[in-house]
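Novice: Residues per chain, in single letters:
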Amino acid sequence: MATLKDRIDGLRKTFEESLESADAKGLEELRTAFLGRKRGHVTLLFEDLRTVPPEERREAGRLVNELKDHVQARLAAAEARVRTSAGASAAAAAGRPDLTLPGRRRYVGARHPLTLFEEEIERIFLGLGFAVEEGPEIETDYYNFEALNFPPHHPARDQWDTLFIKDDLLLRTHTSPVQVRVMERSKPPIRIICPGRVFRRETPDPTHLPMFMQVEGLVIDRGVTFAHLKGTLEYFIKALFGEKIRVRFRPSFFPFTEPSAEVDIECLVCSGKDPSCRVCAGTGWKEILGSGMVDPQVLKNVNIDPEKHSGWAFGLGIDRTAMFAFGIPEMRYFYENDLRFLRQFGTK
Amino acid sequence: MKISLDWIREHVAVDIPRPELVDRLTMIGLVADTAVEREGDLILDLETYANRPDTLGHLGVAREIGALLGLPLLEKDWPVAELAEATADVADVQITAEALCPRYCGLVVRGVPVGPSPEWLRRRLEAMDLRPVNNVVDVSNYVLFATAQPIHTFDFGRIAGGRIVVRKAKRGETLVDLDGRTLALAPDMLVIADESRPVALAGVIGGRASGIGDSTRDVFIESACFDPVSIRKTAKALGLATDASYRFERGADIAFAPRAALMAASLLTQMGGRATRGLIDRYPRPPKTRTVRLRLRRIAELLGVDVPEDFVVDVLSRLGFRVEGSHKGAWRVDVPTFRVDVSREADLIEEVARFYGYDRIPAAAAPAGAPPSAANRKRERLARIRETLAGQGLDEVINWSFADPEKEAAAAGGRAPVPIRNPISNRASVLRTTLLPGLVENAARNLNRGLDGVHVFETGNVFSWDQDEKHREDLHLGLLSAGLRPGESFMAAAAETDLFVVKGAVEAVFEALRFDPAGFAERDHPSFAPGRALAVLCKGQEVGRLGLLSRPLTAAFEVDRPVYAAEIDLTALFGKTPRPFEYVNVPKLPGVVRDLSFLMDRSVAYGEVARVLGRLDQPLLEGFELVDRFADPPVPADKVSLTVRLRFRHPQRTLVAGEVDRAEQEIVGHLRSALDIQLREGKIDIRT
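In the order they appear, the protein sequences are chains A and B. Here the working numbering is used: the first residue of the first sequence is 454, the next is one more, and so on. Here the working numbering is used: the first residue of the second sequence is 105, the next is one more, and so on.
Hints are all accurate, no fakes.
Keeping only pairs whose Cα atoms sit at most 25 Å apart, straight-line, the calculated DSS-like set for lysine-lysine is:
1) A/LYS640 with B/LYS482
2) A/LYS801 with B/LYS482
3) A/LYS478 with A/LYS521
4) B/LYS432 with A/LYS761
5) B/LYS574 with A/LYS619
6) A/LYS697 with A/LYS726
7) A/LYS640 with A/LYS761
8) A/LYS458 with A/LYS521
9) A/LYS619 with B/LYS337
10) A/LYS619 with B/LYS511
11) B/LYS482 with B/LYS643
12) A/LYS619 with B/LYS340
13) B/LYS272 with B/LYS340
14) A/LYS739 with A/LYS801
15) B/LYS106 with A/LYS739
16) B/LYS607 with B/LYS680
Quick caveat, the hints were computed from the structure, so don't treat them as lab data.
When you get a sec, could you build the whole thing from the sequences and use the hints?
Specialist: Shown next as C-alpha cells:
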C-alpha cells in the first residue's frame, strides 16, 4: 500500500511539474502519458489495483480515483486555457506575446521620382546661394526664341521643335524664357535656377517625349568666367553623382551661349568597357547637360552691358538624368504613373 | 553629316590613330555619333550645328582637323578643258531678285557623255550613303559633299533661249520637281527660270523638265548663293528638305561659288565634256570683309585662363582668319566668308577656347559675395502640400499637360480649352483645363493592373482662354481616391474609400498652409455626381471642388467603381493671406471635457451643429469636436445620435464644476432651440 501511495504521490508531482511548462502539444502528450488507454500511468494504476490485497483495495482505489480526477480536472483547465488564448491573445494570456507578427504601419504616399530628383538638384543649388525662379509654360516667341538670340526662321530652331498655340504663342521649349524674364526685371548679380515643364514636338521614343522636366541655371555678375562655369557645374555633378565621377566639358553650339559647352559624365553603366552599351554607345561618356557663357546679344537684349557683366548658364533634362541615375530604360514610365513604379521611390 | 576619312585625306594629310582622331574631334566640338570602319575607310557620322554650315562638307572638316593638328590644307588644281566659245555668248544670267540671290555663277559644259560615274566617284558617294545616278548628277553631289557648296546642273538644251532668270515665282506658277511632285509656287518663292517658265526651285530642288537625262548633251552648271531665310521658308512651305536647302538655309560661302562651278566643270571635262570659256559671275554687291576686334584681356575675362598670344594668332590663322598686328593688346581679325557664324569678339573667343581645350581651362570656385537667395514662397507651399498629402497616404503623379478634347469635355469643367495648332496627336490636341481626367486615367490604369486601390495627387498647371481671348495658366492641385484604402496591418483590414478621405486630405492641406478652417458648401458641379459634391471655400471664396466623380467622367475611362476626387485652384488659394503662425503657451491649468450625447432629426446636418456651436458666445468653451455618430437601432429611423465633446478651460484659473454646468446648460439650451435636439441619458464625463 505504501508503495502504491508513493507511486501516486510521485506521479502527481511529475504531472504538476510537466503541466507547468506544457504548451498545447505538451498537454496532449501529458494526457496520453497519464490517461492513455493502454500505457497511461492512471490506466496502469487501475490495472495494478488488482494486485492490491482486498482489504486495502478500497483505500487504494480512492487514491487512484483521486489522482485520475485531479489529472483530468487539471488537464481540462489547462487545455481550456490554451484553447481560449488561441491567436494573438493566446501568447499574451500565456504571458508571451508573439513579437514576430508584423507591425502596424500607416501607408505614407510616395513622391514622384521627377519631383524628388528635381528637389535634390534644387537643394544643391540653394546651398550655393541660388534662388529658384519660375515662369509661364505658355510663352511668346520673343521670350522663347528671339530674346535668346534665335533669329526668326533660323535653322537653330529646328532643335527646339515647337508646339504652337498661335503665331506668337507657344509652349515653351525650355525654361530659358524664365532666365530672360528674370534678367529683364532684376539687376546683376543674378544667381538662379529655373525648374519646370517644357514641351517639344517630339515623336515619342524611349528617350524623347513631347513633355519633360528641365532645370536651367543662370549666373550674371562682374568677372564671371568659363572657369566658374566649370567649377560650379563640376561641384554640382559630383554632389549629384558622387565625388569620384569623371566629368568632361566639350565644345558645342547653342544660340544663347558663346562659347558653349556640352558636359559629359562617365558612363555609370559600363564605364566605357562595353562597345555596345545601350547608355553611352561604347564611348564611355554620357551627355548630361548643356552650358555656356551667356551670349553677349542675350545680355544686350535685356539691357545688361556685356562689357561690365558676364555670365554663364546651363540646362539639364531632369527626366533623362533621372533615367541615367536610377537605370530607368524608358522615359514614358515617368508619366504612365503605374503605382508599382512610383512607389519604389518612396524609399529614395 | 557623314564624313569619310579617305575623302578628308584629299584635303589634309591626317595620319593619327583613328580612335585618337575621333576623341580629338569630339574635344573641338565635332562629335561623331557613330564611327564605322568600311572597306578600309572610316565613316564618321558627325553631329551638325546650325551655325556651322562650313562643316557640312569635307573641306570644312579638314580645315578643323588641320587647325587641330597643325597641318596645312592641301590645295588641288581643277583644270578645265575649254572651248573657244565664250560662256557669255551662249548663255545669259539675269537676277531680278538680288536680295534673295546675291551671287550667281554658271557655265556650260558641252558634249558630256552621260553615263555611269568612274569607280572613285561612285565610292565617294556610296560613303555618303548616296546611290550613284549618273556622272553629271554624281558630280554635283560630289561637289556638295566635298565643299558644302550646293551646285545644280541643268540640261542646257532644255533652257529656253539659253537664258537663266533668277526671279520670284509668279502667281499660279507650278514646277514639276525632279521627284515628279508638282509644286504650287507662291510669289515669295525664288525660282530659276528660263525665258518662259521656272526650271528649278532656287536652292531647293531642280525641275524634272530641265533635269539631266540620257539625251542630255550640254550641261549648265549653276553655283550660286541664296538668301537663307528665303530658302528655309520655301522649303518649309513645300515640305521639302534637300541636301542643298539644308546648306543654303544655314548660309553658303559666297566667295566659294565660282570655285565650286569650276570644280564641277573640271570633273565633267575629265569625263569628256568641253566647257565654255569663262564663267558668268553675277555678283552685284560683294559684301565688305567682316572685321572683328579681339582683345587679349577679354579672352582671359571670359575664359578665366591666360591663353598665350601666339597660340591665339596661330589657331585663328589656321582656321582661315586673317589676324592683323596686336595694337594695345587688341587684334583686327578678318573673318573668312565661309565662317558665317563669326561676327563678334565672343565668337572668336569660342574658337580660341575650342582649340585651346576646354579641359585646360581650370575649374574655379564661384566668387564670394553672392546675393542672398530669395525664398520662393510658392515652391515652399508646394513642398508642404506634397509632404502633407504623402502623409495622408496619397502617391504623387505627374500627368501630361495635353488632353484629349473628348475626355476633357467629359470632365465638363466649363472652361474653354486652349488648342495646340500642331499637336503630336489628335488625342493630345488641347491643353488640359482640369487635372481630373488625368487622375481618373491613373485610377483606370492601376485598377486594371490589379491594384485594389488608387489614392493619388498631382500639382500642375491647367490652361484656358478667358473672356478676352487671353490665355490663363493656373496652378491646380488634384486629388483622387478610389478602391480600397490600405489597413494598418492584418489586424485592421483594408476598407473601401469614401468621400471623407478626399475631404480630410483637403482639410489637412488647408491646415498645413494655415488657410484653415477649409470651408465647404454643398454645390453641384458637372464633374461630380448630383448631391455628392462640395465647393471648397477659403474665406468665403470658392477655390475648388470635391466629391464623387460623375458617371460620364469615370465611364470615359471605363472605371466602374466610385471615384472620389478634389481639385483646388492653388493660384486662387495662394492669393489669400494665410493666418499668421502664432505660438501659444501650453495651458498650465486643467480644463474640463464633457461629452454631450443627443438625438436630432436626421435631416439636420452636422454642419448645422458645428455652426451653432461655433457661433456661441461662451468664453469658457475652448473647442469641440464630433466623437460619435450613429443612426442604427435603437435610434429611431428619422433620428441620428451624435456625441459632441466639449472642451472647457479658463485661461487664468481652475474651473469649478458649477460654472461648467451652467455653460453646458446654456449650450444645450441653444442647441435645443436652434436644432430641436433631445439629450440622451446625461452621461457626462469629467476629465482633464
